[in-house]
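J.: Using the sequences plus the hints, can you model the full thing?
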Amino acid sequence: MKYTCLLIITIVISIKTNAQKLELTSLKRIDPFTIIASNYVSMPDCKISNKKLFDINNPYTYLQIMVDENGAMYQMLYQTDITDVIEYLSISNNANHQCFRIKTNEYCSCVNKSYEESFSSLQTSATLDCAVRILKRCAQ
Numbered sequence: 049m050k051y052t053c054l055l056i057i058t059i060v061i062s063i064k065t066n067a068q069k070l071e072l073t074s075l076k077r078i079d080p081f082t083i084i085a086s087n088y089v090s091m092p093d094c095k096i097s098n099k100k101l102f103d104i105n106n107p108y109t110y111l112q113i114m115v116d117e118n119g120a121m122y123q124m125l126y127q128t129d130i131t132d133v134i135e136y137l138s139i140s141n142n143a144n145h146q147c148f149r150i151k152t153n154e155y156c157s158c159v160n161k162s163y164e165e166s167f168s169s170l171q172t173s174a175t176l177d178c179a180v181r182i183l184k185r186c187a188q
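Numbering (my numbering), first residue to last: 49 to 188.
The reader is advised that the hints may include incorrect statements.
Claimed, not checked - Cut-off 20 Å, straight-line C-alpha distance, at most; resulting in silico cross-link-like pairs (SDA-like, lysine to any residue): (1) K100 to N141; (2) K69 to L176; (3) K184 to P92; (4) K151 to R181; (5) K151 to V89; (6) K76 to L170; (7) K151 to S90; (8) K151 to L70.
Stated by the list, open to error - Here are the in silico distance ranges between beta carbons for each label pair: (9) K161 to T131: 29 to 39 Å; (10) E164 to G119: 31 to 41 Å; (11) F81 to E164: 28 to 38 Å.
No lab work stands behind these hints, which were simulated from the structure alone. Beta carbons: idealized from backbone N, C-alpha and C, even for Gly.
T.: Take a look at the structure:
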């Protein structure tokens with residue numbers, strides 16, 4: 049009985065540790081002219097969000113740096129309008145973007161819920177949080 053309990057606990061812990069650990073490090077406002085758009089994969093288009101293509105003239109361009117438990121760095125690139133409504137969202141090519149193909153419904157459901165927030169800055173924050181949560185759950 050004792051060994052059965054230890055086995056169950058070990059299995060539960062191994063399932064929990066299968067999720068990728070991502071730490072958000074720095075968020076930088078960046079000159080869009082310095083971005084190589086081909087280094088990023090656009091997030092799935094969720095009908096409510098009406099995402100646009102990367103705009104090289106948008107001064108509200110941000111780069112969120114993420115680091116996993118192995119020290120690998122990933123980036124989330126996004127653009128907003130002047131009122132902080134998110135217009136474009138993508139992740140770097142080295143991130144697990146295939147995960148979003150598998151979990152598109154889950155991601156879009158989360159993103160669409162973010163539009164229930166009353167302030168655009170909270171909507172943007174919630175949308176970014178949706179992407180990070182999906183990435184954390186997908187093992188690289």
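J.: Between the alpha carbons of K184 and P92, is the straight-line distance 20 Å or under?
T.: Measuring from Cα to Cα gives roughly 17 Å; hence the hint holds.
J.: So does F81 sit 28 to 38 Å from E164, Cβ to Cβ?
T.: The hinted range 28 to 38 Å holds for F81 and E164, with Cβ atoms some 35 Å apart.
J.: With a cut-off of 20 Å on the C-alpha distance, tell me whether K151 and V89 pass.
T.: It holds: about 15 Å lies between the C-alpha atoms, which stays within 20 Å.
J.: Confirm or reject the claim that E164 and G119 have a C-beta distance inside 31 to 41 Å.
T.: Given range 31 to 41 Å: holds, Cβ gap about 36 Å.
J.: Sort out whether R181 lies within 20 Å of K151, counting only the CA atoms.
T.: 11 Å, holds
J.: Is K151 within 20 Å of S90, Cα to Cα?
T.: 14 Å, holds
J.: Holds or violated: K69 and L176, Cα atoms, limit 20 Å.
T.: It holds: about 16 Å lies between the C-alpha atoms, which stays within 20 Å.
J.: Quick one: are K161 and T131 within 29 to 39 Å, going by C-beta?
T.: For K161 and T131 the Cβ distance comes to about 20 Å; the hint is violated.
J.: For the pair we were handed, K76 and L170, check the Cα-Cα distance against 20 Å.
T.: 18 Å, holds
J.: Given the hinted pair K100 and N141, is their alpha-carbon gap at most 20 Å?
T.: With a Cα-Cα distance of about 19 Å, the restraint between K100 and N141 holds, given a limit of 20 Å.
J.: For the pair supplied as a hint, K151 and L70, is the alpha-carbon distance within the 20 Å limit?
T.: 18 Å, holds
Hint 9 from the list above is the single one not met by this structure.
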